[in-house]
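Heads up: the protein sequence lines correspond to chains A and B, in order.
Counted from 1, the first sequence has number 124 at position 124 by this note's numbering; the numbering is strictly sequential.
Counted from 1, the second sequence has number 344 at position 344 by this note's numbering; the numbering is strictly sequential.
Keep in mind the hints are simulated off the structure, nothing from the lab.
Be aware that one or more of the hints could be misleading.
Cut-off 30 Å, straight-line C-alpha distance, at most; resulting in silico cross-link-like pairs (DSSO-like, lysine-lysine) [said to hold, decoys possible]: (1) B:K237 / A:K325; (2) B:K237 / B:K354; (3) B:K412 / B:K41; (4) B:K370 / A:K316; (5) B:K317 / B:K248; (6) A:K289 / B:K41; (7) A:K264 / A:K325; (8) B:K248 / A:K316; (9) B:K412 / A:K325.
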Amino acid sequence: MKKIMKTLAEKFSRCVSPALLATILAAVISGVLLFVPPIHGYADNGDFYRAMLTNSIYRLPYDHTSTIDYVVNKFGIYQYFNENGMIAFSSQTIFIQIALFFNKLFYSTKFFDIRFLGVVYYVFYLGAIYMLTKAFVYPYRKVRSYVVSLIVVLVFADSSFTLYFNSFFAEPVMYISMMYGFAAIMLLAKGCYQKNWQMITLFFLSMVLLITDKSQNAPLALSFSAVAMGMMFLPNFKARRFAIMLGMFVLIGSGAFTYTAIKKEFNDVNQYQSFTHGVLMDTGDPSKKIEKQGIDEQFALLRAEDYYPKTYTTVKVENDSIQTKLLPNNGIGWTLKYYAHNPKQFGILMDLASQDIMITQVKAVGDYVPSSKKPSGQLRYFTTYSQFMGAFFPGKFAFVCLLIIGLIGCYSVGMYMDIRAGRPHGVMRFFLVFGLCTIVFFVPIIAIVGDGDADLAKHIFMTPVSLDLMFVLFISDVLHHRLWNTEDREEFLPDAK
Amino acid sequence: MRNKLLRTITLLCLPLMLWIFLTNNVKAADSNKVMLVYDSKNTTNKYDVKVDALQRSLTSMNLQVKTLSQSDYKSGMLDDKYSGIITMINWRQVGLTNKSFIQDRSKFSGVKLHIGDELTNEEAEQFEAKSTRLYQQQLILKNKGASQVLPFSETIDVLTDLPSGSKQIGTLSTQQKGAKSYGYGVIVGNNGFLPYYDSKGLSLLTADEMIAKLFYRAGSYQPLLTITDVTPVSDLKILDSLSKFCYKNSIPFAVSTTTVSSNTEMKAFNKFTAVLRNIENRGGVIFIKSPEIGGPGINSANDLRQRLTSYVVSLAKGQVYPIGISSEGFWNQDRILRKNFLMDADHWILFPNKQIVYVDEDDDAQSVKKSFFAISASSLNSVKKTEETRFSIPTAVTIPLPHSTKELTDFKEQINKLNFAWFDPMEMTMSTSINTGTSTVSFKNGNYFVNGKQESIGTADSSSVFNETIKQKPLLSNYFNIQGNVLTILFVIVAIVLIIFILIGRKIYWNRFNKRK
Chain A
1 MKKIMKTLAE
11 KFSRCVSPAL
21 LATILAAVIS
31 GVLLFVPPIH
41 GYADNGDFYR
51 AMLTNSIYRL
61 PYDHTSTIDY
71 VVNKFGIYQY
81 FNENGMIAFS
91 SQTIFIQIAL
101 FFNKLFYSTK
111 FFDIRFLGVV
121 YYVFYLGAIY
131 MLTKAFVYPY
141 RKVRSYVVSL
151 IVVLVFADSS
161 FTLYFNSFFA
171 EPVMYISMMY
181 GFAAIMLLAK
191 GCYQKNWQMI
201 TLFFLSMVLL
211 ITDKSQNAPL
221 ALSFSAVAMG
231 MMFLPNFKAR
241 RFAIMLGMFV
251 LIGSGAFTYT
261 AIKKEFNDVN
271 QYQSFTHGVL
281 MDTGDPSKKI
291 EKQGIDEQFA
301 LLRAEDYYPK
311 TYTTVKVEND
321 SIQTKLLPNN
331 GIGWTLKYYA
341 HNPKQFGILM
351 DLASQDIMIT
361 QVKAVGDYVP
371 SSKKPSGQLR
381 YFTTYSQFMG
391 AFFPGKFAFV
401 CLLIIGLIGC
411 YSVGMYMDIR
421 AGRPHGVMRF
431 FLVFGLCTIV
441 FFVPIIAIVG
451 DGDADLAKHI
461 FMTPVSLDLM
471 FVLFISDVLH
481 HRLWNTEDRE
491 EFLPDAK
Chain B
1 MRNKLLRTIT
11 LLCLPLMLWI
21 FLTNNVKAAD
31 SNKVMLVYDS
41 KNTTNKYDVK
51 VDALQRSLTS
61 MNLQVKTLSQ
71 SDYKSGMLDD
81 KYSGIITMIN
91 WRQVGLTNKS
101 FIQDRSKFSG
111 VKLHIGDELT
121 NEEAEQFEAK
131 STRLYQQQLI
141 LKNKGASQVL
151 PFSETIDVLT
161 DLPSGSKQIG
171 TLSTQQKGAK
181 SYGYGVIVGN
191 NGFLPYYDSK
201 GLSLLTADEM
211 IAKLFYRAGS
221 YQPLLTITDV
231 TPVSDLKILD
241 SLSKFCYKNS
251 IPFAVSTTTV
261 SSNTEMKAFN
271 KFTAVLRNIE
281 NRGGVIFIKS
291 PEIGGPGINS
301 ANDLRQRLTS
311 YVVSLAKGQV
321 YPIGISSEGF
331 WNQDRILRKN
341 FLMDADHWIL
351 FPNKQIVYVD
361 EDDDAQSVKK
371 SFFAISASSL
381 NSVKKTEETR
391 FSIPTAVTIP
401 LPHSTKELTD
411 FKEQINKLNF
421 AWFDPMEMTM
431 STSINTGTST
441 VSFKNGNYFV
451 NGKQESIGTA
461 DSSSVFNETI
471 KQKPLLSNYF
481 NIQGNVLTIL
491 FVIVAIVLII
501 FILIGRKIYW
511 NRFNKRK
């Protein structure tokens, strides 16, 4: 009996690798969610217009479904010259253009079906899942490897992430390219392929896509440069230094480009809201505090005002006082100085940011199409992981910091051992974890300093993704006993690699 | 006996008299309605500004104006509910094309006013005068000793050969030798004619005088000096020194300010109300300016209503009692904005439109006890002003709040130059009220009342306003401070003990291996 089981298992593992298993499961789970009618996705929170107008897509005028409550799957395509130009520079355009191409080829030149965009993301996403799982388990095929592949499905096929595919949000690009980048580094570290250049190219390509996807990603160029540093330790790779330096240069360049591509209006929006929704979000009376930092205390009365007021407001941003006395004086430098003088308030805001750090599902918009006959709301299908993490992850920034210290400490041991043993694995892994930790740490800070608590959950999207990647990495390393010793273990290896 | 009879008759007649009185009153209220029909708004040439100015002028005359484009006019709309009809031609090339309107108008028996070109033959007949077109002229408008050279006009229609009983308000004269002069505003019986209407300068004042006369509402009003563009984030020091200046020079004035509905517990808000309180103490009055509009839907009515309530209540808490509401003219042309904000006050200041955002436009303006027509001081530069100058409608002469001390100096100069005998709300027997449902703030003979109870205004010396420090320490803050320190010390001790244990434990652990070896 035992023997039969063993041979069966052997056969299974020979036919279906852990990576393939994860890919098939993810394909079925998210395929049902995205493409079996009635489909699901995220409704428009008011941000869609940037991606839509840039790509000549518009909302059909006779479509009167509530934008924020229900997902719309049919849009119009401009039949005339698009005078809007590029509203906001984004690499998301590439994906939308691919979707538009297939849409025009197979469906219509007048109408756009959001599912074409979903399919484009879906295909890239499945590739990412395959590579990611492989990166976690390679070179093993033991039962524990299959467990890891199941965890990958649980975490990364979570509907809170895949729902993004059927929407014009820019997050899918970040999500997918992050997975590719992570996988590329880990596969390089493990020496999975004979030649290194494919994976190095994949890494830099996906990172450039990620950085240029959204203006808020510009600072991440530094984090990814830290990750790229690990590649300097690769063996037998001629001209590596030069290539990697060039790659880092490209990364930082793309970050700088994304930063400069931000239009003045968006800058003003962020600056104004970082003040009204950040600096002024004091439980007490902020009048005195801002006066101390050299800004007229009267501006404290703007607390919780939006740049684009929803209904009525006391003063519009165009007001002379705001334009001449507030906006020229409260730049990033001032904001940092303010928080430096008021660390307590900053701590409270950071805790606020950390509170919902793991709630990845966009709660503000509906997930259903109107034809599903369901009340507007969020679905529960395959959201176990995000629900669990959302409920149980401690919402304190101090905890996040401790976690970071723990992870870095843990992986620096591996690095130390591998430097002595002359293996690249632990070193690259350390730099990867280090880079991700800087994302986890700095993204919430940048969000608070840059835009206050407005739209916070969407601004810190990269934090939960990075944390998830590190969690699964940690679990897989523990299961494969290579947290500190990265040497391949004979007892885990199958007969052939 | 005779006395008794008289008394019975009087008693019997009383209900009758009351009935007559009441019905008369209703009729009078009805007759406040006028209809304004324009051919086109002609927004490209900014004629919509003139439509707005005319609407506000009519509101100041206590007329309720219903505005229509001729394309929206349906036969029978102009009935006897209206006491007057105003035809406004803004775009000569368009002109009047709606036949049913022209028919209804000729049948209409009330007051008729024609503004602009394209006077029909039938209308000219009613004036018993001839319509003449002048070409390529730069005319001079004169009225009561004041004069203004008008911008060059390509064509302009005027009335000549006027009948004997006609009235002329202002004259237009040509600049050539042997200058001819024509009447600007012409009234013949119930019919009025204006060759053009402008939203500024002497033209406006003369036109308003003529319209007020035509509708039998001409009065004589001193202008109300009004400081505009005041917000809670404005430079309060300048506002304060401005009010001090007015007080010292015995200039009564009004301030039109927006305010906040939240964050009213902040020190910054206290400072704001303190400055407004100073204004009240220095002979100024406060008008609440309507908020700026973002993108509200028609279900924002409640939001707007609550905002006003909160404005009034929070200001009243700071002993600031607004006497009316000020807003841009279009608020009176919008169902939601008017009903949920403007109508709660019986005194308005209506400003020219800056940025129009309708929530639910109906162009069915209402009127209140008194509505000041706002005109910027700079637009009166070309008009001769004396202490005797009076306006035919309640008028607010507006000056925006200066932004710097330099501008403040300019402001003072400007005020001195204006040389009007300003309207003083404190001296006049003025009675106003704002009723927000939960509370009523009223003003009568210079005294303020909240829900009928007279309120006095505490003095806030300006020096104390700007150096005021509020130190509030929570009751238990010391306890928490100490508790925090105790906890920190405790943790440090625990950490030290743990480290010692680890060191000792490590030794023991290694020693075990050593022994085995």
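Hint by hint, here is what the structure shows:
no. : hint            : verdict
1   : B:K237 / A:K325 : 14 Å, holds
2   : B:K237 / B:K354 : 26 Å, holds
3   : B:K412 / B:K41  : 38 Å, violated
4   : B:K370 / A:K316 : 29 Å, holds
5   : B:K317 / B:K248 : 27 Å, holds
6   : A:K289 / B:K41  : 50 Å, violated
7   : A:K264 / A:K325 : 17 Å, holds
8   : B:K248 / A:K316 : 33 Å, violated
9   : B:K412 / A:K325 : 23 Å, holds
In terms of the numbered hints stated before, the structure departs from hints 3, 6 and 8, listed from lowest to highest.
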